[in-house]
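We have chain A; now place chain B onto it with these hints.
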Amino acid sequence: MKRLAGIPASRGICIGPVFQFIRQELVVSECRIDDPQKEIERLDAAICTAKDQISRIYEKALTEASQADAEIFQAHKMILEDPELLSEVRKKILDGKCNAEFAMKETAQAFSDMMAAMKDEYFAARATDIMDVGNRVLRILLGVAESPSANLKSPSVIVADDLTPSDTVLLDKSLVVGFCTARGSATSHTAILARGLGIPAVAGVGDEVLHHNNNAQVILDGTNGEAILDPDEAAVKDYQQRIQTAHTIREASMKHAHEPAVTLDGRHLEVVSNIGNVEGARSSIENGAEGVGLLRTEFLYLERSSLPTEEEQFQAYKAILDVFDQLPVILRTLDVGGDKEIPYMGLAAESNSFLGQRALRLCLVRPDIFKPQLRAALRAGVGRNLKIMFPMVATASEVRAARKVMDECVLELRQEGQPFAENIEIGIMVEIPSAALVADQLAKEVDFFSIGTNDLSQYTMAADRTNPKVADLSNAFFPAVLRLIRDVISAAHQESKWVGMCGELAGEPLAAPILLGLGLDEFSMSPPMVPVVKQILRSLNAQEMQALAEQALQLETPQEIQQLVKEKVPFIAELA
Amino acid sequence: MKETTVLVNNKVGLHARPASLFVQAAAKYASNIQVSCQDPDTKELREANAKSILGVLTLGVFQGMEIKIHADGEDESQAVETLAELVKNNFGED
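Quick note, the sequences are listed as chains A and B, same order.
Just so you know, this note's numbering puts 1421 at position 5 of the first sequence, and the rest follows in order with no gaps.
Just so you know, this note's numbering puts 671 at position 10 of the second sequence, and the rest follows in order with no gaps.
These are computed hints drawn from the structure, not numbers from a lab.
It is possible that some hints are incorrect.
Stated by the list, open to error - Straight-line distance between alpha carbons at most 20 Å, and here's what the computed DMTMM-like set of lysine to aspartate or glutamate pairs gives: (1) B:K672 / A:D1784; (2) B:K672 / A:E1726; (3) A:K1671 / A:E1702; (4) B:K689 / A:E1497.
Next up, chain A with everything else stripped away, as it sits in the complex (with noise of 0.2 Å):
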């Protein structure tokens, strides 16, 4: 048995077969044809077959994935047919009287070569590309079957050391059970992939788990980031009874998922969700969630070529409200920086882009980007339950600069004639410790605050919460991190603002009672917590919760607060 720890990339635990998701290695040879002119035929015929296979993965992406996940095949098509890559092909084929594997192969990594020479993020994803459909031509004529993951059979954890976009969109995700990655983030592909799938995920375990047996069993803890391989018996069997446990809570609070939290003395909490897309909308009402305390818009922007424009914008947005009719939704405007691949933006790369212009900052400079956002934003909001919501506030006067442009966009749609929702109610994100320190300044300009405990904790610790190296030390539990929370929600109830948080702390278990205590009017987490939480507050008391709270704030770890925290609310030790 050996413990592997890693980044917590999404919730839970399961337990199953590892399954080794390698990209082949595909042997070729060089050898001498007598026929030239046939061998460009079985090249030809080779490539006919790889536009079709692209072809048909584009619509799948399409009709299952993103158009931003689609886009990279018709990439993948555009360079197939590329005529330079073509004749040099077969020109290495007539002159060399080579085979046509070896000449794909040679040229593809030519090609490949030059491009990620250019050290550029845009053009070293090409060169991934280029060998990408290099691979394909080259299995197609060597007769591999086409893609590892196609041999899943059976239910797996699929360990890989990271995964993109055009591994995961052939993954039939039904037989995936988790994902464990040597690298990557809690904010990677495969992480947010995992996520939405409700599904648990480890991220950044190191290399040695890549040299673990298929098949040999895993056991994946994405609540705190831990791989287990060749896992005990004892191991297995607590953690199965962990599983039970919680697929126990999870039916239990599933039957009252529909009605709302009250606490014993009769405090009625808003749990909202979390979501980025449309199945999150539609997750989040099957889990009772009683509206949207954080939609995340950044997958309009990644992985595609360009801006998405206003209309594609209103229509996505459009297409989520209506899922919530008149359910609140607070759309959070572009969160991005330097450290995302975005090339279009032409953001150039940052030292350090968690400390860069990203986000409110980078929008304020580039109205291109922001104002076609409000004003989308704005007209789908027609007849909705819509906010808005700033991220990566530090001053007042970013506010009121962002609240200068939402009046622009405003006076324009008026005079367009376009119809809008008009008198939203707008907030920010309290995610900098700086608006945590003038919260009291804020709130005056602001209808309310949601609290982002992951930037927060990382911000107020100095710790790269993807760092696992220095990860453990990015936990909202520090006294530090729920001091400063406690301060935002007494500023904001001074000025009669009410305060949400839609960080992991909020859709955390043994938060909720210090969170309930501290005042908080709002919890926004994934939909798949929505009836544990709603369950847990229901079962407390708000009034007990203050003291508890306060007690909290004394101790110095945050392992002394959650040990406390089981003490107090013993039924709360059985979740977490």
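Here is chain B on its own, set in the frame of chain A:
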């Protein structure tokens, strides 16, 4: 033989979607079409087949650079005109 010089003024230059649109448009013509530009640092002249996405991408044409479109063949005038128009219209962006 027909050729013209145009200023590339869209945000991402000849990359991503604009590059795809350019190559797709070029592929519709029978003529041989070349596109060339001058390296802003070394002043070296770079040239690529306008029907090759990989060739066009590696030219590295960014916003503010001039490109020369050169066509040779039966539909050369039409080809040069269409491609130049596409660039001038910023590939239909904004």
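Exercise for review: List in ascending order the numbers of the hints, as given earlier, that are violated by the structure.
Suggested key: none
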